[in-house]
Each structure stands twice: as C-alpha cells, then as structure tokens.
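Following the hints, put chain B in place on chain A, whose structure we already have.
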Amino acid sequence: MVTISNFSNGSARAHVEAAIAKARENESFNAILSMTEKRALERADAVDRGEISGRLAGVPFIAKDNFLTFSGTTTAASNFLENFEAPLQATAIEKLEAEGAICIGKANLDAFAHGGSTENSAFGPTKNAYDDSRVAGGSSGGSAVVVALDIVPFALGTDTGGSIRQPASFNGVIGVKPTYGTVSRYGVVAMASSTDTIGVLAHSADDASLVMDIMSGKDTRDMTTLDDFFTPATLDRPLRIGVIDETMTDSVDSEVRSITTAYVDALRQSGHTVEAVSLPILKYALAMYYIVVPAEISSNLARYDGIRYGKRAEATSLSELYGASRDKGFVDENKRRIMIGSYVLSSGYFDAYYLKAQKARTLLINEYNDRLKTFDVLLSPTAPTPAFSLGENTHDPMKMYLADVMTVPASLAGLPGISVPAGKTAAGLPVGVQFVGKRRDDALLLALAKQMEDHNA
Amino acid sequence: MTQISHDDVQHLARLSNLQLADGEEAALRGDIETILDYVQQLSELDTDGVEPTYQVTDRENVWRNDEVDNYGINTDDLLALAPEAINQQIKVPKVL
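Protein sequences appear in the order of chains A and B.
Be aware that the first sequence starts at 0, since it is given in numbering that gives the first Met the number 0, and climbs by one per residue.
Be aware that the second sequence starts at 0, since it is given in numbering that gives the first Met the number 0, and climbs by one per residue.
Since the hints were derived computationally from the structure, they do not count as laboratory data.
Since the structure is predicted, the reported quantities are computational estimates derived from the model, not experimental observations.
You may find that some hints are simply not true.
[As the list claims (entries may be wrong)] Rough simulated footprint, nothing fancy, chain B against chain A, three-plus residues with beta-carbon under 8 Å: (1) 77 to 87; (2) 211 to 224; (3) 296 to 306; (4) 356 to 364.
Where a beta carbon is used, it is the ideal one built from N, C-alpha and C, also for glycine.
Excised from the complex, chain A in its bound form (with noise of 0.2 Å):
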C-alpha cells in the first residue's frame, strides 16, 4: 500500500506522473470528477528545483470535490456548479501545499455532500474499490477510493454525520473525523454548520496523524476554530475501552458483528481493558440528525440562487429565476433535505421538531460526556452492513440514512471519531471499527490505530 514515506526519495515529477497515470487507469471507478494536471506538475517541478519545501514536499493527494481549489473547477458534485471556478483556496489546502503537498484532483462525492452512498453525485456514482458492483459509501466516496487502489497516499474529505468514517469502512482505509472546530471549514462547501468537519482517509495512522497536525489550528476566517491543541502521540499506557451494546444488537450484519468481536479481542491482547457499555440514547440520535441537519442545510443552501455564480435558468422574473435555478440544481436528496429543512424551522412545528432535536441533543452529549468519564475510548462498528449494492437504497431515502446510525452521533456531540480496517467478510468486503473519544483526544484515537496496525501486522 502507498503511503508518506513511499515519496520522500526520487523526483516529484516522476512521483506525481505517476499517480496521474494511476488515476487514469482506475476512471472505470468513477473517483475523480477533475484532474489538476497542469498546476500539479509546475509545483512538483518547483519542488524538484528546491522552491517548495516541507514535511509533504512532492506527496500528492486528492481533495473531496467540496473544496475551493485553485486550478480547474470545485462543483460539490452538482448539476449548480458544474463550471464553478474557485477565486479562493480552502485553507486546509494551502496548509497542505505550504508543506509541498500536491493535489492531483478532485473526487467524487454525494452532491453537496448529501448522502452515504456517492450514488447522489450529478455525474454518477464512484463503485467500491474492492467489488465494483458495490457503493464505495459516501459522501467522501471518492476519497476513500483513491487511497484504496494506491492512487494517493491520503485524500481528504468532509463528515458531517459520517462521510469520511462510512466510506473509510466500506473501502478498507483510515477516516479521521476530528473534534468540531480542529479544522478550518473556510473554503470547503458548507452542509451542516454545527456538525461539519474537515479529514483525512489514509492508508495509516501515521500519515492521517501527520496530516491532521498540518491541517489544524485557529483560522481567523473559520470562528469555530480551536487552538491548534492536535500533536501526534504515541500510546504509553493501557486504556480502557467501551463496546457499545446498542451498535451489537441482530439489526446489525453478522460479520460486521463477528469481526468487530475479533477486533476486540485484539484489543485485549494488547492490554487495553476491554468491557460493554450502554448508551440507550443513541437509539435516538439518528432522529436528531435528520432534524437538525436538514434545518441547518436549508439555510445553508439558501445561497445557490443563481445570481452571484453557479448556473442560472432562463426566467422571466427573479423568482422564477431563484425557482428555476434551483429546481434544476440540486439532485432529488438536495431537495428532500431542503424541504424537511423548512418543514421543522416553519412556523407551528419549531418546538415539536427542531427544539426538540436540539434538546435531546443535550441528552445525547451528557450520555456520551458520562460514559467518557470512566472509559477512554467508545468503539462500535463503523456502519452496520459492509458496501451495499449499487441501487440497492436509492429508492429508499430512510434505508439509506439508517447505513449512518453508527456515525451520526459523535457527530451531533462534535466528538472526534475515526474508522479503521478491522477485516473482511467471507465476500472480502472490509469492514472498519469507529474508536469515539474525548473532545481534543483526536491525536490519542490515532495512537490506538497506530498501534493496532502494528499488532496486526
């Protein structure tokens, strides 16, 4: 598998050639929306002549197509921005190339980065990196795929309720979704203010580790931002871990069951306690995200009206203009979140619906903030199924928001959560186990994973 250390000889052109060729051998998988050739090559040239330098000097790496890049289009994977070029650079990507890092592209995702399958994407839907008639989950599908087949060493991605830990699982490769605020969202297509985090897929620990450190810290153009509190650390005593007993029941596939269980086992050999833990709550957490998401998407949202960029349609007046644009836009789960979006922030339904979520989302973040207390780490399957077929939920909206039942919670409570492989089905599908801790204990989640990759290895 490739990874960091793999580019730290030899010249960045021919490394960044490379993975170019790669990544037009694998377009049947439908990873990558656009290349960004010609900028790629003039930094990996000026890394060669000694003018760009750094801890990724000549690596390169695939942005999530949420966001803004210099060089080629940024089209959130929608009809609306299909020709959008960026007058602006995310600023976890200039962090990115003030180290020397590359970017290659930009990979395929849920349109606006609503859903968990990559089969929302205006420009169809990205197939698993191990069985091609199978989701490669989503909404950062794109991203995990890319790292699976060795294109990239590490891609990046967004989660908002699951979108890089689903695919991570589904495509056998790392997914960091890091504490709320760790990482600047200036620059990236926002979904969900409250939940929205930037990350990284990989092949190990060690390169998601260094490429969190690189990407964290305080943006004055992100307020949400904390204090760059993320270092890389190394496991220096056992921990003690909790195995969720409501993400362990029968509604869950009996191999993710079976190699979570072994995973644990795992775990125990190394020395880390290992007991079961119950959070009745999240029962409920699913319910929750699927009112405070969609509110906070609604308004998110409002802005592709098509007058200041993106495409617009013919009308006659401004707001068949807004309707039009609109309507032609956005993809049918677009729309669906939209719409659910008004319905629980309209007049007569606030307290029932959105007030309400918020509250037992109190309850959710006191259930998490006790269990934490006497445990270090939470862990769970990261889905409850392996990669589903493709087609298999699209005509099912609730069916597929079920495949994030395991992911959304941490989300809602801004905890950091991360996928890593834990093993395949008898099929030789992967299937990842989620480590949930502490807000800020990012670096600790990594170290486990760390660790873990050594003992399996």
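Using the frame of chain A, we list chain B on its own:
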C-alpha cells in the same frame, strides 16, 4: 402516520424557493412523510427542563477587530463568477 398534503408540499417548495417540475411532487411527498414519521420517535424522550444545544464549540462570542479584510479576493474576480454582470453590478431579471 404524518400526512402531507399537496398544498403542504407546494408551501414547503415555496419556503425553499424550489419550483418543482411536473411529477416531482408525488415522490417528494412520500419521502417527506416517511422521514417525518421516523423522526417523530423523539417525542418518546422526556426533555422537560433540558437546555437545547445549538453548537458544540463550548465558546461564546468570538470577537475580531473591526478591520476590512477582502480575504485576498477582488471585486472583479467575484463579478466574473456571476452569470451576468454589467457596470460592476450583477444583472437579474425585472423584480417588479
């Protein structure tokens, strides 16, 4: 079972500034009913006296100095993104 009428869907579409094409409404109506039915299980939770959580940063007001920052982007770059612009202004169809 949550019932959403034809008028409700049209009202939501108006609130959302969506001009639904013919044939879109029926499917959206069914989906919205299913989703609202699912989220209604929250009514089982006792939330009396619980404060709502709107954000998870543990921070309150974040102040900055009142200084102009163009974020490194100039007006022409932004106007160039607009579907139609004229004389430093974005052009739209007649409002009235």
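Structure-based check of each hint:
1. 77 to 87: holds (count 4)
2. 211 to 224: Coverage by chain B holds for the region 211 to 224 of chain A (4 residues, Cβ < 8 Å).
3. 296 to 306: holds (count 5)
4. 356 to 364: holds (count 8)
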